[in-house]
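Engineer: Sequence:
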Amino acid sequence: MKKLSFIVFAFCLIFASCSNNDDDSKEKESQKLETMHNEIITLSLVNSQTCTNPEEWSFTLLNRNACGGDGGYIAYSKKINTVEFLDKVKKYQDAKVEFETKWKIYSVCNVSVPPTSIACVDGKPTLQFSLASFTTN
Numbered sequence: 142m143k144k145l146s147f148i149v150f151a152f153c154l155i156f157a158s159c160s161n162n163d164d165d166s167k168e169k170e171s172q173k174l175e176t177m178h179n180e181i182i183t184l185s186l187v188n189s190q191t192c193t194n195p196e197e198w199s200f201t202l203l204n205r206n207a208c209g210g211d212g213g214y215i216a217y218s219k220k221i222n223t224v225e226f227l228d229k230v231k232k233y234q235d236a237k238v239e240f241e242t243k244w245k246i247y248s249v250c251n252v253s254v255p256p257t258s259i260a261c262v263d264g265k266p267t268l269q270f271s272l273a274s275f276t277t278n
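Counting from 142, one number per residue, gives the positions in the sequence shown under my numbering.
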């Protein structure tokens, strides 16, 4: 009987530790995504460089969902290494889709209309949208 109790106890302990590892893994992956996101924001200079000329700025899709929808765009300064920046954005998008797929995280699968331009508003690059982009057939 003692052996059976020990085996059951050991099995429960192993099962519980595996379960905690998944939670830890999910949390670590989520933190990695957050770190990647924050790095992209920093590299974009959107919060640190004053916008005086909208021609010095561009934008790109930042959040792509596993379902194929998108979750928003980010402005970035053309004064940065854009190849490196866009590569980091792509890696972030891929990692986010992989994370959502792996952990079965579902979000609203909206497809937003891309911005049409950038304006400098109070020294900040601001994405502009055209109502003409919302046409229906």
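These aren't lab readings, by the way, just hints derived from the structure by calculation. Each hint should be verified, as a subset may be incorrect.
[To be verified] Listed below are the simulated BS3-like cross-link pairs for lysine-lysine, each with C-alpha atoms no more than 25 angstroms apart in a straight line: (1) K243 x K167; (2) K167 x K220; (3) K219 x K265; (4) K167 x K265; (5) K231 x K219; (6) K265 x K243; (7) K220 x K265; (8) K229 x K173; (9) K219 x K243; (10) K167 x K219; (11) K232 x K243; (12) K265 x K245; (13) K231 x K220; (14) K219 x K229; (15) K245 x K169; (16) K169 x K265; (17) K169 x K220; (18) K219 x K169.
Engineer: Next step is simple, just say for each hint if it's right about the structure.
Structural biologist: Against the structure, the hints:
Under the criterion of a C-alpha separation no larger than 25 angstroms, the hint pairing K243 with K167 is consistent with the structure, at around 9 angstroms. The hinted pair formed by K167 and K220 fails the criterion: a straight-line CA distance of about 35 angstroms is larger than 25 angstroms. Note on K219 and K265: the hinted pairing holds, with a Cα-Cα distance of about 14 angstroms set against a maximum of 25 angstroms. Taking the CA atoms of K167 and K265, the gap is about 35 angstroms. The hint is violated against a cut of 25 angstroms.
Note on K231 and K219: the hinted pairing holds, with a Cα-Cα distance of about 17 angstroms set against a maximum of 25 angstroms. A distance of roughly 36 angstroms separates the Cα atoms of K265 and K243; the hinted pair therefore is violated under the 25 angstroms criterion. The hinted pair formed by K220 and K265 meets the criterion: a straight-line CA distance of about 15 angstroms does not exceed 25 angstroms. The straight-line distance between the Cα atoms of K229 and K173 is roughly 13 angstroms, inside the 25 angstroms bound, and the hint therefore holds.
Between the alpha carbons of K219 and K243 the distance comes to roughly 34 angstroms, so the proposed pair goes past 25 angstroms and is violated. Simply put, K167 and K219 have alpha-carbon atoms about 35 angstroms apart, too far for the 25 angstroms limit, and the pair is violated. Between K232 and K243, the direct Cα distance comes to roughly 16 angstroms. Compliance with the 25 angstroms bound is thereby established for this hinted pair. Simply put, K265 and K245 have alpha-carbon atoms about 36 angstroms apart, too far for the 25 angstroms limit, and the pair is violated.
Simply put, K231 and K220 have alpha-carbon atoms about 19 angstroms apart, close enough for the 25 angstroms limit, and the pair holds. Our distance criterion of 25 angstroms between C-alpha atoms is met by K219 and K229, whose separation comes to about 15 angstroms. Simply put, K245 and K169 have alpha-carbon atoms about 16 angstroms apart, close enough for the 25 angstroms limit, and the pair holds. Taken as a hint, the K169 and K265 pair is broken in the structure, with Cα atoms around 33 angstroms apart against an allowance of 25 angstroms.
Restraint check for K169 and K220: the C-alpha separation of about 32 angstroms exceeds 25 angstroms, so the hint is violated. This hinted pair does not check out: K219 and K169 have alpha carbons roughly 32 angstroms apart, beyond 25 angstroms.
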